[in-house]
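Colleague: One line per chain: the protein sequences are A and B, in this order. For the first sequence, the working numbering assigns the number 1477 to the initial residue and increments by one for each residue that follows. For the second sequence, the working numbering assigns the number 1477 to the initial residue and increments by one for each residue that follows.
It should be emphasised that the hints constitute simulated quantities derived from the structure, not laboratory data. Everything numeric in this text was worked out from a predicted model, so none of it was measured. Treat the hints loosely; a few may be bogus.
Because identical chains cannot be distinguished in the list, a pair is counted as satisfied if it fits within a single copy or across any two copies.
To be verified - Only pairs whose alpha carbons sit at most 25 Å apart, straight line, appear in this in silico SDA-like list of lysine to any residue:
{"hint": "1", "residue 1": "K1518", "residue 2": "P1807"}
{"hint": "2", "residue 1": "K1704", "residue 2": "R1644"}
{"hint": "3", "residue 1": "K1732", "residue 2": "E1692"}
{"hint": "4", "residue 1": "K1550", "residue 2": "V1686"}
{"hint": "5", "residue 1": "K1897", "residue 2": "M1852"}
{"hint": "6", "residue 1": "K1709", "residue 2": "I1569"}
{"hint": "7", "residue 1": "K1551", "residue 2": "Y1892"}
{"hint": "8", "residue 1": "K1732", "residue 2": "G1590"}
{"hint": "9", "residue 1": "K1732", "residue 2": "G1634"}
{"hint": "10", "residue 1": "K1620", "residue 2": "E1728"}
{"hint": "11", "residue 1": "K1629", "residue 2": "L1727"}
{"hint": "12", "residue 1": "K1712", "residue 2": "W1575"}
{"hint": "13", "residue 1": "K1550", "residue 2": "G1873"}
{"hint": "14", "residue 1": "K1616", "residue 2": "Y1523"}
{"hint": "15", "residue 1": "K1518", "residue 2": "S1814"}
{"hint": "16", "residue 1": "K1896", "residue 2": "L1911"}
{"hint": "17", "residue 1": "K1817", "residue 2": "D1503"}
{"hint": "18", "residue 1": "K1704", "residue 2": "N1853"}
{"hint": "19", "residue 1": "K1890", "residue 2": "V1641"}
{"hint": "20", "residue 1": "K1626", "residue 2": "E1728"}
{"hint": "21", "residue 1": "K1704", "residue 2": "E1731"}
{"hint": "22", "residue 1": "K1637", "residue 2": "E1905"}
{"hint": "23", "residue 1": "K1551", "residue 2": "E1692"}
{"hint": "24", "residue 1": "K1574", "residue 2": "G1856"}
There are 2 protein chains.
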Amino acid sequence: MELGVRLRFQKFEDPEANPEALPDGIDSDEYIIATYYMSFPKAFNPYQIAQIMAVEQSTGTWIPVPGESPETRKKHVAKVIGVYETPDHEIMIPDEVKWRDYIIQIAFPYENIGSRLSMLFTAVIGNISMAGKVKLLDLKFPEKYVEGFKGPKFGIEGVRKILGVHDRPLLNNMIKPCTGFPAELGAELAYETARGGVDIVKDDELLGNVAFNTVEERVTKYMEAIDKANEEKGEKTLYAINISDDLPDVLENAEKAIELGANCLLVNYLACGFPVLRVLAEDPSINVPIMAHMDCAGIYYVSPFSGVSSHLVLGKLPRLAGADIVVYPAPYGKAPFSEEKYIEVAKAHRYPFYKIKPIFPMPSGGITPSMVPKLMNTLGIDLVVAAGGGIHAHPDGPAAGARAYRAAIDAVLKGYTDLKKYAEENSIEELIKALHL
Amino acid sequence: MELGVRLRFQKFEDPEANPEALPDGIDSDEYIIATYYMSFPKAFNPYQIAQIMAVEQSTGTWIPVPGESPETRKKHVAKVIGVYETPDHEIMIPDEVKWRDYIIQIAFPYENIGSRLSMLFTAVIGNISMAGKVKLLDLKFPEKYVEGFKGPKFGIEGVRKILGVHDRPLLNNMIKPCTGFPAELGAELAYETARGGVDIVKDDELLGNVAFNTVEERVTKYMEAIDKANEEKGEKTLYAINISDDLPDVLENAEKAIELGANCLLVNYLACGFPVLRVLAEDPSINVPIMAHMDCAGIYYVSPFSGVSSHLVLGKLPRLAGADIVVYPAPYGKAPFSEEKYIEVAKAHRYPFYKIKPIFPMPSGGITPSMVPKLMNTLGIDLVVAAGGGIHAHPDGPAAGARAYRAAIDAVLKGYTDLKKYAEENSIEELIKALHL
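Start from the sequences, fold in the hints, and give me the full structure.
Modeller: So this is what it looks like as structure tokens:
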């Protein structure tokens, strides 16, 4: 039952999907290239399995049928373009090897999918997600696929322009506690943290449009609090209000928030679905940046053997769908995440991607001021430093907590590697105290 | 980096979330009970980790903050109600045990979440999906959570009433090839398969609203074909048209399809997102059954260590969201799926669930007529037999293919265990030929 694809399908032959039948140069303007990790028992023929995958996820089924003409197949079938074993056995397979590992690449015709995220998932990791040890590792898109998306409205440059901050990482604070408090309390905390120097205040992902703290109340009270803080500090602040909800409520929450003056939206895009993020980002009336939250991402990426790699689910795909900032796990805090994957996700946010704007990575989860040098050493200045409890738990209150993070950022920009030294030399009490947390 | 939850969080104490502080009887009217598999290195204290999970996914963060009052916490914090090791070490942990396995149960206050699927996912498997070896195994809901949903409009009884079929499994056919053909060809196949005795014709999940075969063309042509077949056979047929798409297109496709006379909708609910399925099901103008397709489900359930169990993602949750029929993997066909899990999913479709109607399981993937006895032996008559290539590849064409499946169903209803014997005794050529496939 665990064999991934049954042996009986090996009888199925398809010259169009067969690597031997393909020219070297697949037309990269017409195909979406998906790369998979796969593992199967040594008895299986990997070339046949790859071919079956390609056919199953495009024109075919497990048995040839009359409606499938050679023309149909040639145009619409997905094509195997690479089958690579790791390591590459050529002579014999050692007895101790029971399962063999592969990287398999399949080219999916753009025309089957269109510029859609829903149909992309169905094609590239739909039914084959259930085939056993299959993990989607990468997606490369033709320009016309990406042309069908509007992408983020703001991106790094646009968000920096709104805030007037061009030469340092941004500082974010998530209001804590996460949920279970009235809007008044949250607004007080937002005021404190904003006046302390936070650039973006955000709701926790767990706080939705709940009876004890509605979107309407929150946006009104927090925006007032932030305006007051802005006057005091002489800087601007965004407030990312969590509008996550089922449909159509999520769209109504967004509309209401914008009407009431919200200047940033937070959406739990995996819990709501990629199409929700996209429709918000592509709606011309949503004229504010969108922050996309990572919750549920582990369902996709945690298994080494199945699901979808993190740089897609937390990087390239939310960027394509239109997020301006993506909250994702930092390897230094409370989430277990490898540093190399964390860097790959940030690359996916910022690397050239046709006309799609680069966006902010926001590594998150238990970030303390002492982690700021590491964050900036790995990601540079184009990131959002996410601080939650690390700000609210400061012994002198949230404003002092925010100042501690801003001081940590300044220290790194000034070339200090030792935050304690910087704090002491410049007598920055808030940072000295924060380093003890 | 793989330790799931870091040791440094063990300092965090919370009497409200602590199992020792809880009464035995948690108020089951107020809490959603989530059950998890977890595994962590033997050095970890499982009671503390469970407590941290409960706090992290409700009110708290990794460090106490001033805004979190005792009242807030008491009302809104999630509560650990069970921590069970397998096996249950009491004296000492053997040296060879490096990681320990647990079942952990946490009660989430309904009030934090509301009757929402998006916020449910964020709470019960949001950030903790990234915590390492954590898999969501079960969800038990209070009645008021479920009362907030309308559920399926038709369910088993409603779909049977439309079709006038009360005493046998339904027969479904997915049109093959999957994609890459014009609506005319599909309509011809739909006519053939419907007149052969198929109750529900469906699109393949891979066929969306594409330029070479639009929803508009398909619904018009297929419904004509089906009407013609219905007259001929004296039975009714549903056509589940795939309206899956990004937003708002998926809703517009549905509306258009209904206007043009569609009598059933197909939605790739995991690729589109649960909220899309729900909003379609709860829309009073969508007055036809909804078939929910399984693609992408493996992302959730395939890993034994992470994600979400199949009976939730393919069973209880799409039923709650309003699917009337759920397509899911059969263990006898091409998907690797355990028979016990396959039965649990069907139970989740049909077991009592407050006011939510029981719905049809539709085990799918490489189903041949010879598998029909097994399907009916395990699931009874309240299922949809899904036949794709097995119908279209019949040597005498799709109508004969459909008749073969109907004959297989009849044979089982008449008490035959040997289909070949039944086919030969009753000279049913179509079935005899189909058994050779």
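Colleague: The structure should be examined with respect to each hint, and the outcome stated for every one.
Modeller: Evaluation of the provided hints:
| no. | hint | verdict |
| --- | --- | --- |
| 1 | K1518 x P1807 | between (36 Å within a copy, 22 Å between copies) |
| 2 | K1704 x R1644 | within (23 Å within a copy, 69 Å between copies) |
| 3 | K1732 x E1692 | within (7 Å within a copy, 33 Å between copies) |
| 4 | K1550 x V1686 | between (52 Å within a copy, 17 Å between copies) |
| 5 | K1897 x M1852 | within (18 Å within a copy, 74 Å between copies) |
| 6 | K1709 x I1569 | neither (68 Å within a copy, 57 Å between copies) |
| 7 | K1551 x Y1892 | neither (59 Å within a copy, 45 Å between copies) |
| 8 | K1732 x G1590 | between (31 Å within a copy, 19 Å between copies) |
| 9 | K1732 x G1634 | within (23 Å within a copy, 37 Å between copies) |
| 10 | K1620 x E1728 | between (31 Å within a copy, 23 Å between copies) |
| 11 | K1629 x L1727 | both (17 Å within a copy, 24 Å between copies) |
| 12 | K1712 x W1575 | neither (57 Å within a copy, 49 Å between copies) |
| 13 | K1550 x G1873 | between (66 Å within a copy, 23 Å between copies) |
| 14 | K1616 x Y1523 | within (22 Å within a copy, 44 Å between copies) |
| 15 | K1518 x S1814 | between (30 Å within a copy, 21 Å between copies) |
| 16 | K1896 x L1911 | within (7 Å within a copy, 78 Å between copies) |
| 17 | K1817 x D1503 | neither (30 Å within a copy, 42 Å between copies) |
| 18 | K1704 x N1853 | neither (34 Å within a copy, 69 Å between copies) |
| 19 | K1890 x V1641 | within (17 Å within a copy, 77 Å between copies) |
| 20 | K1626 x E1728 | both (21 Å within a copy, 20 Å between copies) |
| 21 | K1704 x E1731 | within (24 Å within a copy, 46 Å between copies) |
| 22 | K1637 x E1905 | neither (31 Å within a copy, 74 Å between copies) |
| 23 | K1551 x E1692 | between (51 Å within a copy, 22 Å between copies) |
| 24 | K1574 x G1856 | neither (44 Å within a copy, 38 Å between copies) |
Hints 6, 7, 12, 17, 18, 22 and 24, counting from the list given before, are not met by this structure.
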